[in-house]
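**Student:** Take a look at the letters that make up each chain.
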Amino acid sequence: MTARRLHLGLMFWATGTHPAGWRHPGARADGAYDIGFIQQVSRIAEDAAFDFVFLGDRLATDPALARTNPAQMSRLEPFTAGAAIAAATSRIGIVVTANPTYHDPYSVARLTASLDHLSRGRASWNLVTGADAAAAGNFSRSEHWDTDKRYDRAGEFVDVVRALWDSGAHGAPIGHRGAHFDVDGPLDVPRPPQGQVVLLHAGTSERSRDLAAREADVVFSGHHDFESAREYYADVKARAAAHGREPGLPRILPGLSVYTGATTQDAVAEHDLLNSFLPLDEEEQLAGPLHRGGALGQRPRRNLTSVSRELGVDVRGHDPDEQVPAALADELDEQGRVLLDAVRAHTHRDLSGEHRITYRDLVNGLGTGAGRASVVGDPVQVADFVQRWFDGGAADGFNIFPPHVPGSVRAFADLVVPELRRRGLHRDDYAGSTFRDHLGLDVPPVRAAAAGRTTAP
Amino acid sequence: MGRNQHKKRPRQLHLGYAHATGSAPDELDRAVRLAEDAAFDFVLLDGRRDTGTGLEPFTAAAHAAVRSTRIGLLATGDPLRHEPFNLARLVASLDHISGGRAGWLVTEEHPGGERAGPLPRADAVERTREFVGLVRALWDSWDDDAFVRDKGSGAFVDADRIRAVDHVGAHFQVRGPLNLARPPQGHPVLAHAADEPAAAVPDAELVLPGGATDRGEHAAVLPDLIPVLGEDVAEVRDLHEQLHATPGGERALASGAVLIGDPDTVAGRIAESFSAGQVDGYLLHAPPQPGQLRRFTELVVPLLRRRGVFRHDYADRSLRSHLNLTRPARRDPSRRPAPPRTGAAS
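Here the protein sequences line up with chains A and B, keeping their order.
Anchor point for the first sequence: position 344 equals 338 in my numbering, and the numbering is continuous, going up by one each time.
Anchor point for the second sequence: position 310 equals 350 in my numbering, and the numbering is continuous, going up by one each time.
Because the hints were derived from the structure by calculation, they are not lab data.
The C-beta atom is built at its ideal place from N, Cα and C for all residues, glycine as well.
Some hints could be false.
[To be verified] Here are the in silico distance ranges between beta carbons for each label pair: (1) Arg89(B) to Val437(A): 24 to 30 Å; (2) Arg224(A) to Val208(B): 46 to 52 Å; (3) Arg189(B) to Ala281(A): 39 to 45 Å; (4) Ser199(A) to Asp200(B): 36 to 42 Å; (5) Arg189(B) to Gln34(A): 16 to 22 Å; (6) Arg89(B) to Asp423(A): 39 to 45 Å.
[Stated by the list, open to error] To spell it out: a stretch of chain B is covered by chain A in this simulated footprint if at least three of its residues, at any positions, have a beta carbon under 8 Å from a beta carbon of chain A; those stretches are: (7) 113 to 126; (8) 357 to 365.
[Unchecked claim] Covered by chain B, per the in silico footprint, the following chain A stretches (three or more residues, Cβ under 8 Å): (9) 64 to 70; (10) 101 to 111; (11) 253 to 266; (12) 346 to 360; (13) 412 to 425.
Produce the complete structure using the sequences and hints provided.
**Tutor:** Now the structure itself:
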């Protein structure tokens, strides 16, 4: 029995995962369309023995995305980009996002199987069902489907895709007749080298947790704090066991933004630099008193009105660069302390002492209490964070979010990976050449063809 | 719309190669390298059931794209199987990855075969025409200079240079814009399969395989050609016998596309039909005998060059340039498209 090792993914957005990552002096602002650049970044992750590089997707665009993640507004189509990454790498897994709500199963089976052949067994399909209502308008839909409708379709979709992958082995029709699809098969691509392409799923809803537990090999989750990550981890593993899954499956990988440098000071400087590119929004003119919480589902506006709402204390009217008085801590309730504690952790500053928190720091901390995890620190501090979650039953590894690209990817590979290896947490080299190998999964046997697929419980 | 030809260049032979082996990436790499070293116009990645590669065409083409620098990459894409938004992305993305070498062969990949759910059949021609027009409009939803990417000011994009498509048609309703920058070629090359009604893709720039019938006045017409080359009379005779001895060989012979002979004979026949204006070039397919593509590039291509009908090297990098096509300007989306014509386009 070998020691349990971390699984590491690289969340690739060409402009970085910090909203202003592309403005970093070392960042490539035009990297989203330079396939050579995308290949180069993938190879940095491969040289660090990452399990996979992850290509996210969105099926609708809006120029407003330029303010939050420009690569989400406009980028290469993931399967073609994945095939190009496959040509320039030999070990790293390649995760490509495809949405059953707006695809048909034959096409997805064919694209994923083909990518698995081209990469010699390194393909993975990230199944998302699309919470983005705007996508419906690009696919001749009169309305955005609700969660149940999307997951009903996704469940059958996965069954059909799995049967089609296997049909490449025997060449017999699958004869699928279901509520959403009638598909004869067989697939016109031979069975993928991995047998079944690695399935990855991300989502937080009840239906999502269940699909993840039943079908996913890897789950990509988003939890900002240890306790909620641990709750999610235990819940999904328990559901998976109830479905009769092999122990340890699915591997659960929260997203983690990493700001690092040789010293804590360097890491903090990097974090501050990127945040300095984010403008403050105008304060709202409120008629009545301030209420807790903002508009649901919207990013908080970057101003002291939003900070006041989140803290539960009215701090409007201060100069953003003014230091926050120590007495503020005494006025905060539990919810308010979440923001303050996040800002303390990310800035390594406090309300007293040499390095003081400013009101602008509080603005920069907005939303961190609801988003993914984030760590700012030197390699030891980052490794401490990772190890706490990994050993504490909150993660099997992480999907690493690089704030700017390629600098943050290189920093993680050069600084943090050696520290993780020193602790025996991360592999020294790949043990195999397929993504399933990295996950410790065998090639599954071919399942029986056709008969019973539509009548199985 | 016209073919927008470069006027200054002399008419030249166009050669494509239809890759139709297994799913092994190595074989694909070898074929693409051979064809590119011979300055072929393009390789066709064919996803049709009967002639397919065993790989999905756009992923295979993207893989080939980053292992080549000049040759065009044409992939089949089935309007009955894909959503317009998804296929517009695949083609545009291939064009970006290849640096302007992408083409899309609009064709039904699995006629009469399995279907992913019920898809309309009766009005397939009108549906395909709407589909193709919509894909072109999506490619045009971004201006070529939409990106600002000014680190100093923080302006990433000029929102006025990105426009919705707002397509409302009989078959599709697509708001847009596409989530991809305008392709390097403006519009990647559109090819039309000759065995399907021409009206479905009235503005195709390439017809594959070009048959006896005239398929639109502007498109380059490339019939199939299966060259079988022997070095001398005896080998030519042996090769001919081999063809008759295998089912694959019999099928090739029955297609009428086999051209068997020594290199002089084959080059002569190709040059004559080209010079007589009967064809614009050929889409080559490998016969069952191995090594024939290599033989063609090593023995026949130099003879075609000596005759002055085929390029010595690529003049430029884009597939449009290989095919003597100019880059189309972005169409004004506010202008109404012409009403669809019915019946045969030509």
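**Student:** Take the hints in turn and mark each one as holding or not.
**Tutor:** Hints, one by one, checked against the model:
1. Arg89(B) to Val437(A): 24 to 30 Å: Cβ of Arg89(B) to Cβ of Val437(A): about 26 Å, so the range 24 to 30 Å holds.
2. Arg224(A) to Val208(B): 46 to 52 Å: For Val208(B) against Arg224(A), whose Cβ atoms are near 49 Å apart, the range 46 to 52 Å holds.
3. Arg189(B) to Ala281(A): 39 to 45 Å: holds (40 Å)
4. Ser199(A) to Asp200(B): 36 to 42 Å: holds (37 Å)
5. Arg189(B) to Gln34(A): 16 to 22 Å: About 19 Å separates the Cβ atoms of Arg189(B) and Gln34(A), which means 16 to 22 Å holds.
6. Arg89(B) to Asp423(A): 39 to 45 Å: Taking Cβ atoms as reference, Arg89(B) and Asp423(A) lie about 42 Å apart, which means the hint holds.
7. 113 to 126: Holds: 5 residues of the segment 113 to 126 of chain B have a Cβ under 8 Å from chain A.
8. 357 to 365: violated (count 0)
9. 64 to 70: The restraint on the segment 64 to 70 of chain A holds, since 5 of its residues have a Cβ under 8 Å from chain B and three suffice.
10. 101 to 111: The restraint on the segment 101 to 111 of chain A holds, since 7 of its residues have a Cβ under 8 Å from chain B and three suffice.
11. 253 to 266: Per the Cβ count (0), the hint is violated.
12. 346 to 360: It is violated: at least three residues are needed, and the segment 346 to 360 of chain A offers just 0 whose Cβ sits closer than 8 Å to chain B.
13. 412 to 425: As far as the segment 412 to 425 of chain A goes, the hint is violated, because 0 residues have Cβ atoms under 8 Å from chain B.
The structure fails to meet hints 8, 11, 12, 13 from the earlier list, while all remaining hints are met.
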